[in-house]
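S.K.: Sequence:
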Amino acid sequence: VPPALVSGCSGDYSSFICVQPEAIDRVRVKMGLIFYGPDWAQKDVDCAVDLFHQYMAEDKEVLTAMMRGLQSRHYDRGPLARADFEGAALDLARYYGRRMSGALLGAGR
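For the sequence shown, my numbering assigns the number 3 to the initial residue and increments by one for each residue that follows.
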């Protein structure tokens, strides 16, 4: 499981996004939707896809502006947030990392 893989779930479909660094100032993004069951009308699929694209466009706009700011000559390096702001997410990622490492090592036996 890549560390930058995020998924969102609703009652009848899920979304995923995976961000992979390519360079200091560039990332590759893979994203998509997964629909459950065969009974999806095309108009419902189109609506879900459109909503997903709108959501991603908004995120891209905000992140692009942030990247421009980070490249500014006025930018002063430092943390983006308090040290404990993302603590729970970091703890969870470390936990999964330990669990996955053990599972992968055990699979090679």
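Keep in mind that the hints are not guaranteed to be accurate.
Distance condition first, Cα-Cα at most 27 Å in a straight line; then the derived DSSO-like pairs of lysine-lysine [stated by the list, open to error]: (1) LYS45 <-> LYS62; (2) LYS45 <-> LYS32; (3) LYS32 <-> LYS62.
Cβ pair distances, simulated, as ranges [unchecked claim]: (4) VAL31 <-> CYS11: 17 to 23 Å; (5) GLY80 <-> GLN22: 22 to 28 Å; (6) ASP52 <-> ARG75: 20 to 26 Å; (7) ASP78 <-> ASP41: 52 to 58 Å; (8) HIS76 <-> LEU53: 21 to 27 Å; (9) ARG75 <-> ALA25: 17 to 23 Å.
Think of the hints as simulated: they come from the structure by calculation, not from any bench. We put the beta carbon where it would ideally sit given N, CA and C, even for glycine.
S.K.: Hints first: check each against the structure and report whether it holds.
M.R.: Cross-check of the supplied hints:
Between LYS45 and LYS62 the alpha-carbon distance is near 25 Å, which keeps this suggested pair within the 27 Å criterion. Simply put, LYS45 and LYS32 have alpha-carbon atoms about 24 Å apart, close enough for the 27 Å limit, and the pair holds. About 13 Å separates the Cα atoms of LYS32 and LYS62, which keeps this hinted pair within 27 Å; it holds. Range check, VAL31 to CYS11: about 19 Å between beta-carbon atoms, so the 17 to 23 Å window is met.
Remark: the range hint 22 to 28 Å for GLY80 to GLN22 is upheld by a beta-carbon distance near 25 Å. For ASP52 and ARG75, the Cβ-Cβ distance of about 39 Å falls outside the hinted range of 20 to 26 Å, so the restraint is violated. With their beta carbons about 54 Å apart, ASP78 and ASP41 fall inside the hinted range of 52 to 58 Å. Look at HIS76 against LEU53: about 36 Å separates their beta carbons, and that is not inside 21 to 27 Å.
Distance hint check for ARG75 and ALA25: the Cβ-Cβ separation is about 20 Å, which falls inside the suggested range of 17 to 23 Å.
Checked against the numbered hints above, the structure breaks hints 6, 8 and satisfies the rest.
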